[in-house]
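*Asks:* Single-letter residue listing:
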Amino acid sequence: MIPVKFDYLAPTSVEEALAALGEHGDDAKILAGGQSLLPVLRMRLNAPEVVIDLGGISSLRGIRDDGDAIVIGAMTTHHDVRDDHLVKQHALLLSKAAAEVADSQIRHRGTFGGALAHADPAGDLGAPALALGAQFVVAGPGGTRTVEASDFFVDLFETAIGDDEILTEVRIPKHTGWGAHYEKFVRVAHQWPIVAVAATVRGSIDEARVGLTNMGSTPLRATATEQALAGVSATEDGVREAAQLAADGTHPPSDLNGAADYRQHLARVLTGRAVLRAAGV
Amino acid sequence: MTKIELTVDGAAVSDDVEPRMLLVQYLREKLGKTGTVIGCDTSNCGACTVHLDGTSVKSCNVLAVQANGRTVTTIEGLADAAEGELHPVQESFRECHGLQCGFCTPGMIMQAVDLLAENPHPSEEEVRLGMEGNLCRCTGYHNIVKSVLHAADKTAGGVSA
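Residue numbers (UniProt numbering), protein chains in the order written: chain A, 1 to 281; chain B, 1 to 161.
Hint data in this document are derived by calculation from the structure and do not stem from the laboratory.
Heads up, the beta-carbon is just placed ideally off N, CA and C, and yes, glycines get one too.
Among the clues, some could well be false.
Said to hold, decoys possible - Part of the chain B face toward chain A, derived, beta carbon under 8 Å:
{"no.": "1", "residue": "41"}
{"no.": "2", "residue": "43"}
{"no.": "3", "residue": "97"}
{"no.": "4", "residue": "100"}
Said to hold, decoys possible - Far from chain A, by Cβ distances over 10 Å, these chain B residues were calculated:
{"no.": "5", "residue": "7"}
{"no.": "6", "residue": "28"}
{"no.": "7", "residue": "46"}
{"no.": "8", "residue": "58"}
{"no.": "9", "residue": "79"}
{"no.": "10", "residue": "94"}
{"no.": "11", "residue": "155"}
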């Protein structure tokens, strides 16, 4: 299976990439790590006339400390996010989730920003990014703007990134010392989760953030569970009671992997497990 | 056509390729390196695994143009085959019979080498997790896992591509 012919552009700066995007508009597709885009092109589900490869823009790679946040370049690979010491120290949840993306080979190529911009509802990074209150820095012809996580995910495979914009980096407010766990439920290894839960907690338990993967068309926060967990002691009973609220207000899909009510059941069970593991119980 | 220059199994190569050409196609059809095989062609099975700048990737999921300026190592470049040498992981697969039909083997070995470079003394569970992107339809994985653990014991952390 070979993609339809396309022209290939390899800009070396964000400005060049934006100019190319401005010139080719809807006919162009951005290539980050390519681990979702190349299968789509090979199966000919999409046939852009121009592919703009961000791989040559070194400024989009890397993770830095920025005071009360860490900043992850959009082209940083899952493998590097998983292993980075700043991520482990200040946003452990992202390290845990990045470790669960697909398989080792894919994690060597796939990128943090590419996966978030792709916005697959079964993708592993949206829920943790949402739970941590990530801020998305987007560059466009008029300069850069910052989009809050709560506004970033719009619908299936749809984000707040405009057609003439590129996601350049993601700011993650520091959650220093918070425990974290990403609990992923799959039928076979290295597949998309049927449901997954991203949980991070301060103390045991003073505060909690819980994100849900594949429980709707976008990543979701389990806010009722978060509220119920605040001040709860991290025991099996206390956590499982709060986890009973995890599926409240969700409208998950029904498909071959599971019906909606089964997914809601999974969300409650996996939330209990994720929070207990995050709290070190 | 786009011009690419890269190093493959120690040799500098340069070519004009169509941007849509996959790295695995380039290796097989342009360079004749058919040791790297196409299994599923959907980036699931890992049979086409090679190393790009020293880490494992699925070469059916990388464009040849994305390898421009980089270094690729395939199963054919792991050891000096002309001298009859085998890489320690290749030897282990032979000694532990880590294959049946052999189709997944090039990818299994390339991923195992990557795994052992990152984690020289993996547990059995770490081997199974580290190899999760490589599918085998014959062995039930038992002897593959054994081969990787055997290579780790034998080389005591000295495995590299």
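*Asks:* Residue 58 of chain B clear of chain A by more than 10 Å, beta carbon to beta carbon?
*Replies:* Given that some Cβ of chain A is not farther than 10 Å from that of residue 58 of chain B, nearest at about 5 Å, it is violated.
*Asks:* Hold the hint about residue 41 of chain B up to the distance rule: shortest CB distance to chain A must be less than 8 Å.
*Replies:* 5 Å, holds
*Asks:* Per the stated criterion, does the least C-beta distance between residue 46 of chain B and chain A lie above 10 Å, as a non-interface residue requires?
*Replies:* Given a closest Cβ separation of 6 Å, the condition is violated.
*Asks:* Verify the interface restraint on residue 100 of chain B: the C-beta must sit less than 8 Å from at least one C-beta of chain A.
*Replies:* 20 Å, violated
*Asks:* Taking the least C-beta to C-beta distance, is residue 97 of chain B closer than 8 Å to chain A?
*Replies:* Violated - the Cβ of residue 97 of chain B stays beyond 8 Å from chain A, reaching only about 23 Å at its closest.
*Asks:* At 10 Å, judged by beta carbons, does residue 155 of chain B keep clear of chain A as stated?
*Replies:* 19 Å, holds
*Asks:* Could you let me know if the closest chain A CB is still more than 10 Å away from the CB of residue 94 of chain B?
*Replies:* Residue 94 of chain B clear of chain A: closest Cβ-Cβ about 23 Å, beyond 10 Å.
*Asks:* Test the statement that residue 28 of chain B is away from the interface with chain A: the closest C-beta pair must be farther apart than 10 Å.
*Replies:* The claim stands: residue 28 of chain B keeps its Cβ more than 10 Å from every Cβ of chain A (closest is about 13 Å).
*Asks:* Should the label of residue 7 of chain B as a non-interface residue stand, given a Cβ cut-off of 10 Å to chain A?
*Replies:* 17 Å, holds
*Asks:* Once the closest CB in chain A is found, is it more than 10 Å from residue 79 of chain B?
*Replies:* Holds, since 21 Å exceeds 10 Å.
*Asks:* Against chain A, is residue 43 of chain B within 8 Å by beta-carbon distance?
*Replies:* 6 Å, holds
Consistency with the previously given hints fails for numbers 3, 4, 7 and 8, ordered from lowest to highest.
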